[in-house]
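Asks: Spelled out, the chains give:
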Amino acid sequence: MLEKKPVILVIDDEESMRDSCSQMLEKDGFLTDTAEDGSVGLEKIKEAKPDLVLIDLKMPGINGLVVLEKAKEIDSNIIVVVITGYATVESAVEAMKKGAYDFLPKPFTPDELRIIIRRGLERRKLILETESLRREKKLIEENFITMVSHQLRSPLVAILQYFEVILGGMAGEVQEKQKMMISRASARLEGLLNLINDWLDVARLNAGQIVDKLNPLSLKKVMKKLIEDMKPLIQDDNISLELGSCSGDDLVQGDKETLEQVFSNLITNAVRYNKPKGQILITIKEKKAFIAAEVKDTGIGIAKEHLPFIFDQFYRVKRGEDQKIKGTGLGLSIAKKIVEAHGGSIQVSSELGKGSIFTVLLPKAEKGNPHVLKFWDKKHLG
Amino acid sequence: MEKHRAKILVIDDDPDFVIAVTPILESALYDVVPASNPEEGKEKIFSEKPDLILLDIMMDSLFDGFSLCHAIKSSKDYKEFKDTPIIFVSAVKEMTGSRFQFNAQEQGMIGPDDYLDKPVKPGDLIARIEKLLKR
Numbered sequence: 001m002l003e004k005k006p007v008i009l010v011i012d013d014e015e016s017m018r019d020s021c022s023q024m025l026e027k028d029g030f031l032t033d034t035a036e037d038g039s040v041g042l043e044k045i046k047e048a049k050p051d052l053v054l055i056d057l058k059m060p061g062i063n064g065l066v067v068l069e070k071a072k073e074i075d076s077n078i079i080v081v082v083i084t085g086y087a088t089v090e091s092a093v094e095a096m097k098k099g100a101y102d103f104l105p106k107p108f109t110p111d112e113l114r115i116i117i118r119r120g121l122e123r124r125k126l127i128l129e130t131e132s133l134r135r136e137k138k139l140i141e142e143n144f145i146t147m148v149s150h151q152l153r154s155p156l157v158a159i160l161q162y163f164e165v166i167l168g169g170m171a172g173e174v175q176e177k178q179k180m181m182i183s184r185a186s187a188r189l190e191g192l193l194n195l196i197n198d199w200l201d202v203a204r205l206n207a208g209q210i211v212d213k214l215n216p217l218s219l220k221k222v223m224k225k226l227i228e229d230m231k232p233l234i235q236d237d238n239i240s241l242e243l244g245s246c247s248g249d250d251l252v253q254g255d256k257e258t259l260e261q262v263f264s265n266l267i268t269n270a271v272r273y274n275k276p277k278g279q280i281l282i283t284i285k286e287k288k289a290f291i292a293a294e295v296k297d298t299g300i301g302i303a304k305e306h307l308p309f310i311f312d313q314f315y316r317v318k319r320g321e322d323q324k325i326k327g328t329g330l331g332l333s334i335a336k337k338i339v340e341a342h343g344g345s346i347q348v349s350s351e352l353g354k355g356s357i358f359t360v361l362l363p364k365a366e367k368g369n370p371h372v373l374k375f376w377d378k379k380h381l382g
Numbered sequence: 001m002e003k004h005r006a007k008i009l010v011i012d013d014d015p016d017f018v019i020a021v022t023p024i025l026e027s028a029l030y031d032v033v034p035a036s037n038p039e040e041g042k043e044k045i046f047s048e049k050p051d052l053i054l055l056d057i058m059m060d061s062l063f064d065g066f067s068l069c070h071a072i073k074s075s076k077d078y079k080e081f082k083d084t085p086i087i088f089v090s091a092v093k094e095m096t097g098s099r100f101q102f103n104a105q106e107q108g109m110i111g112p113d114d115y116l117d118k119p120v121k122p123g124d125l126i127a128r129i130e131k132l133l134k135r
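Those protein sequence lines, which keep their order, are chains A and L.
Numbering of the first sequence is given in our numbering, commencing with residue 1 and proceeding in unit increments.
Numbering of the second sequence is given in our numbering, commencing with residue 1 and proceeding in unit increments.
Hints were generated in silico from the structure; no laboratory data involved.
The beta-carbon is built from N, C-alpha and C at its ideal position, and this holds for glycine as well.
Don't take each hint at face value.
To be verified - Partial list, computed: chain A residues near chain L (C-beta under 7 angstroms):
#, residue
1, T146
2, H150
3, R153
4, V157
5, L160
6, Y162
7, E164
8, V165
9, G168
10, M170
11, A171
12, N215
To be verified - Under the rule of at most 30 angstroms between Cα atoms (straight-line distance), these lysine-lysine pairs were calculated in the DSSO-like manner:
#, chain 1, residue 1, chain 2, residue 2
13, A, K49, L, K79
14, A, K44, L, K76
15, L, K79, A, K4
16, L, K7, A, K221
17, L, K42, A, K49
18, A, K231, L, K121
Just need the whole structure built from these sequences, with the hints factored in.
Replies: Structure follows, in structure tokens:
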């Protein structure tokens with residue numbers, strides 16, 4: 001972008017002035033354009049995005065000072081040099097106050113014009129460079145988690161991709177035993193990928209990025225979608241998963257992506273810790289200023305002594321026999337953080353051997369008033 | 001009588017992904033042309049005229065995949081190829097990357113025809129390619 005020839009626009013009602021300036025500037029290797037009054041000039045600033053503009057202060061039509069202000073609104077980094085016909089100090093000072101870079105009293109020599117233009121363009125270059133550095137830095141900051149995620153996931157994903165190809169028989173025949181081992185290796189790697197995802201979610205939550213925008217959201221719709229997504233998961237064990245009674249309103253003030261994550265986590269747990277032919281029932285009801293969503297399962301339940309800790313990071317209920325169940329110990333703590341970031345709360349009640357009920361309370365949608373709530377906004381965390 | 005084999009351009013800076021994905025594509029009787037960075041990818045679009053492009057999102061910079069995709073779909077230089085289907089493949093999981101993806105589209109960039117998380121399932125990849133090639 002900086003290699004490009006600088007573009008200079010001359011706005012002046014005097015034709016001789018426009019011609020002499022542009023001829024001289026073209027000879028010096030600049031691209032030039034001219035406008036005979038303010039409104040044409042402003043159009044050209046929008047279209048051609050000049051680096052520098054010369055504005056005659058005294059013109060018929062729009063006043064030069066107004067043109068200056070409007071030009072700055074279009075491109076706040078544009079360099080404006082005003083030409084003052086009757087060199088009055090007042091008008092020059094006024095222009096400088098309104099953001100002009102410099103002024104040039106008529107009549108001026110080509111060299112005077114050259115010096116001002118050269119300095120002005122250097123300034124422009126500096127501003128643009130700083131701007132682009134700042135933008136790049138911001139981009140890196142904003143996408144830091146994405147970049148870390150990419151770097152952590154890439155090598156694992158490459159290995160898994162090889163396994164997929166080998167297991168698919170596309171790299172030659174595979175014996176049963178090899179197949180079994182590679183499948184198990186894949187499963188372990190996938191576990192590691194899940195752990196990385198959860199970790200990154202924790203990092204995102206701590207950085208306060210997860211709940212950006214809260215909008216009215218239908219919990220019924222969220223549940224229906226999730227139930228559809230879970231179908232393949234429940235088929236093997238013949239578990240029933242249903243959306244039961246929904247009384248009253250179901251609109252919450254929520255962020256779709258993260259709330260889906262919360263309920264997906266609760267339902268996955270309800271499936272994972274259920275018994276064959278077990279049931280999962282989801283209900284939604286109004287509760288004063290909140291909507292309560294309940295996920296009830298007929299699973300193995302959680303012993304009393306574990307209940308106070310299950311929302312803690314890395315807390316996992318130890319159960320000798322069912323070691324095949326592997327989690328990262330982060331899912332519920334992430335769910336809790338997300339719900340609290342919404343100004344809601346999450347509760348559990350459970351009976352060992354009979355099942356668990358997870359209840360999520362979320363604030364009702366404020367009609368026509370989507371507001372932004374930040375995770376660190378403690379007063380909402382009641 | 002030889003049937004025309006569709007040609008797939010794989011633009012990805014991870015050589016392991018290219019090696020692994022090649023037999024998947026070949027098993028479905030596609031010709032594979034690899035490119036290990038966006039520049040090489042651009043050259044090969046012109047020299048090889050692929051029927052479909054598999055494009056990695058993050059290569060040298062965060063936006064490589066997005067900017068190349070946008071250029072192919074909208075720039076005069078790629079006029080001849082603007083209807084070539086593009087599938088994004090990325091190791092940045094959909095969920096983790098979705099905000100970032102969404103932003104790029106908010107900024108007025110034209111997105112791909114489809115999107116797949118790495119590692120790709122062979123059957124899924126082939127099915128999606130076939131669907132796009134039929135259009």
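Asks: State for each hint whether it applies.
Replies: Hint by hint, here is what the structure shows:
1. Satisfaction of the interface hint for A:T146 is found here, the shortest Cβ-Cβ separation to chain L being roughly 5 angstroms, below the 7 angstroms cut-off.
2. Against a cut-off of 7 angstroms between C-beta atoms, the interface hint on A:H150 holds, since the closest Cβ of chain L lies about 5 angstroms away.
3. The closest approach between the C-beta of A:R153 and any C-beta of chain L is roughly 4 angstroms, which is under the 7 angstroms cut-off, so the hint is satisfied.
4. Because the closest C-beta pair between A:V157 and chain L is about 4 angstroms apart, less than 7 angstroms, the hint holds.
5. For A:L160, the interface hint holds, the least distance from its beta-carbon to any beta-carbon of chain L being 4 angstroms, beneath 7 angstroms.
6. Nearest Cβ of chain L to the Cβ of A:Y162: about 5 angstroms, under the 7 angstroms cut. The hint holds.
7. Checking A:E164 against chain L: minimum C-beta separation of about 5 angstroms stays under 7 angstroms; hint holds.
8. Interface hint at A:V165: satisfied, since its Cβ lies 5 angstroms from the closest Cβ of chain L, which is below the 7 angstroms cut-off.
9. The beta carbon of A:G168 is positioned within 7 angstroms of a beta carbon in chain L (closest approach about 5 angstroms), and the interface hint is therefore held.
10. Annotation: A:M170 was flagged as interfacial toward chain L, and the flag holds, the nearest CB pair being 4 angstroms apart, inside 7 angstroms.
11. Satisfaction of the interface hint for A:A171 is found here, the shortest Cβ-Cβ separation to chain L being roughly 6 angstroms, below the 7 angstroms cut-off.
12. Checking A:N215 against chain L by beta carbon gives a least distance of about 14 angstroms; that is not within 7 angstroms, so the hint is violated.
13. For the hint linking A:K49 to L:K79, the alpha-carbon distance of about 26 angstroms falls within 30 angstroms, and the restraint holds.
14. Note on A:K44 and L:K76: the hinted pairing holds, with a Cα-Cα distance of about 24 angstroms set against a maximum of 30 angstroms.
15. At most 30 angstroms may separate the alpha-carbon atoms for a hinted pair to count; L:K79 and A:K4 meet this at roughly 25 angstroms.
16. Taking the CA atoms of L:K7 and A:K221, the gap is near 41 angstroms; set against the 30 angstroms cutoff, the hint is violated.
17. A hinted pair counts as satisfied when its Cα atoms are at most 30 angstroms apart, and L:K42 with A:K49 qualifies at roughly 29 angstroms.
18. Taking the CA atoms of A:K231 and L:K121, the gap is near 20 angstroms; set against the 30 angstroms cutoff, the hint holds.
In summary, the structure is inconsistent with hints 12, 16 from the numbered list given earlier, while agreeing with the others.
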